[in-house]
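Enquirer: For reference, the chains in residue letters:
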Amino acid sequence: MRFYLLLLAVLWSGPALAQTAFLAKRDYSAKSGSVRVKMSVSHTRKEAVELTVRLKGAGKNDETPGPILVEGVDIVPSEFKIPPGKSRKLTIRFQPDVAKRTPYFACVLYQPLVERPENGLRTGGSMLLATESCSRFWVTP
Amino acid sequence: MRFLKAAIVLGLIAAPSPMFAAQSADIEAKGNSPAFCNISNDGGTIKMEVSSDFDKLSGQGKYSYVANGSSKVVLSAVSLVAPKGAEAAIPSLELVDLVANASSSAEAASKASDGAVRQAGYIDAAIKQDNVKRLLTTGDYALSATATCTSL
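Sequence order for the protein chains is A and B.
Residues 10 to 150 (our numbering) are what the first sequence spells out, left to right.
Residues 984 to 1135 (our numbering) are what the second sequence spells out, left to right.
These are calculated hints, taken from the structure and not from any lab test.
In this text the structure is predicted, and so the values were computed from the model without any measurement.
Careful: at least some of the hints might be erroneous.
Stated by the list, open to error - Calculated cross-link-like contacts (lysine-lysine; reagent style DSS-like; alpha-carbon spacing at most 25 Å): (1) 1094/B - 69/A; (2) 98/A - 55/A; (3) 109/A - 69/A; (4) 98/A - 34/A; (5) 1045/B - 1116/B; (6) 55/A - 95/A; (7) 34/A - 1111/B; (8) 1030/B - 55/A; (9) 1067/B - 1111/B; (10) 34/A - 69/A; (11) 109/A - 40/A; (12) 47/A - 34/A; (13) 1030/B - 1013/B; (14) 47/A - 1013/B; (15) 1045/B - 55/A.
To be verified - Partner residues are not named here, just some residues of chain A that face chain B (Cβ under 8 Å, in silico): (16) 72; (17) 96; (18) 143.
Glycine residues also receive a C-beta, built at the ideal position from the N, C-alpha and C atoms.
Let the hints inform the model, and build the full structure from the sequences given.
Expert: As structure tokens, then:
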């Protein structure tokens, strides 16, 4: 219940046009050989948008997401269109091979649509900034 | 008289009275707020206009960054698509007061926030000539990058 209250609060007062990923918990055990992460995703844009969910390992340090992990990773659903104000539950399953407590990152990416230049006759440019929200979680052996 | 005393004692014992009401009540309320962060480009595609000296393209957008706990923002390497045969140019992208990157091969990261953040600012995007002619070759240019916030 409190999870949905927080989600409602974020949707109500949060920034315009943002996507959010909530994790049910932040610590997981790999004792069974696999990890199952439950998360919920929402956004506050004006219309339905396509979001992509990705699992990442650690980058140059424990605070920075690194490469996208795909080997043995099952994300259901990994891409979906979602209207504003709704939340979508999803599950990430993977088989981590960890010898010590290791960080992972569950990320939701919004890629804005490419707008074609109005004309190609004069010098002009466009900047496309995709935005991604990640939540760090830890896996212990 | 004895009857009256007995009635008074009985009344004190049996009647509901504030004297016998509970003197304290244990009220316990607990909650937990899961961590999250948001980073958003509030304006969509940023259009860049050429400078009067034709040596730079620049444009501005807006971002917002919200987190309810420790978090940081990483800006990916900036990808530049230039017209075929174009003179050398350097792309740059800055989320003002947060993080900037002028590299097409390495990412840049903000400092981790100590606590909750609610910040809005401008996005400055630019492509600047980097050649002896001090000009950008005519044509269409495009920059792309990804801003990633991480809830720690």
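Enquirer: Decide, hint by hint, whether the structure agrees.
Expert: Status of the hints after comparison with the structure:
{"no.": "1", "hint": "1094/B - 69/A", "result": "holds, 14 Å"}
{"no.": "2", "hint": "98/A - 55/A", "result": "holds, 20 Å"}
{"no.": "3", "hint": "109/A - 69/A", "result": "holds, 17 Å"}
{"no.": "4", "hint": "98/A - 34/A", "result": "holds, 14 Å"}
{"no.": "5", "hint": "1045/B - 1116/B", "result": "violated, 32 Å"}
{"no.": "6", "hint": "55/A - 95/A", "result": "holds, 12 Å"}
{"no.": "7", "hint": "34/A - 1111/B", "result": "violated, 45 Å"}
{"no.": "8", "hint": "1030/B - 55/A", "result": "holds, 21 Å"}
{"no.": "9", "hint": "1067/B - 1111/B", "result": "holds, 17 Å"}
{"no.": "10", "hint": "34/A - 69/A", "result": "holds, 24 Å"}
{"no.": "11", "hint": "109/A - 40/A", "result": "holds, 12 Å"}
{"no.": "12", "hint": "47/A - 34/A", "result": "holds, 8 Å"}
{"no.": "13", "hint": "1030/B - 1013/B", "result": "violated, 49 Å"}
{"no.": "14", "hint": "47/A - 1013/B", "result": "holds, 23 Å"}
{"no.": "15", "hint": "1045/B - 55/A", "result": "holds, 17 Å"}
{"no.": "16", "hint": "72", "result": "holds, 6 Å"}
{"no.": "17", "hint": "96", "result": "violated, 12 Å"}
{"no.": "18", "hint": "143", "result": "holds, 4 Å"}
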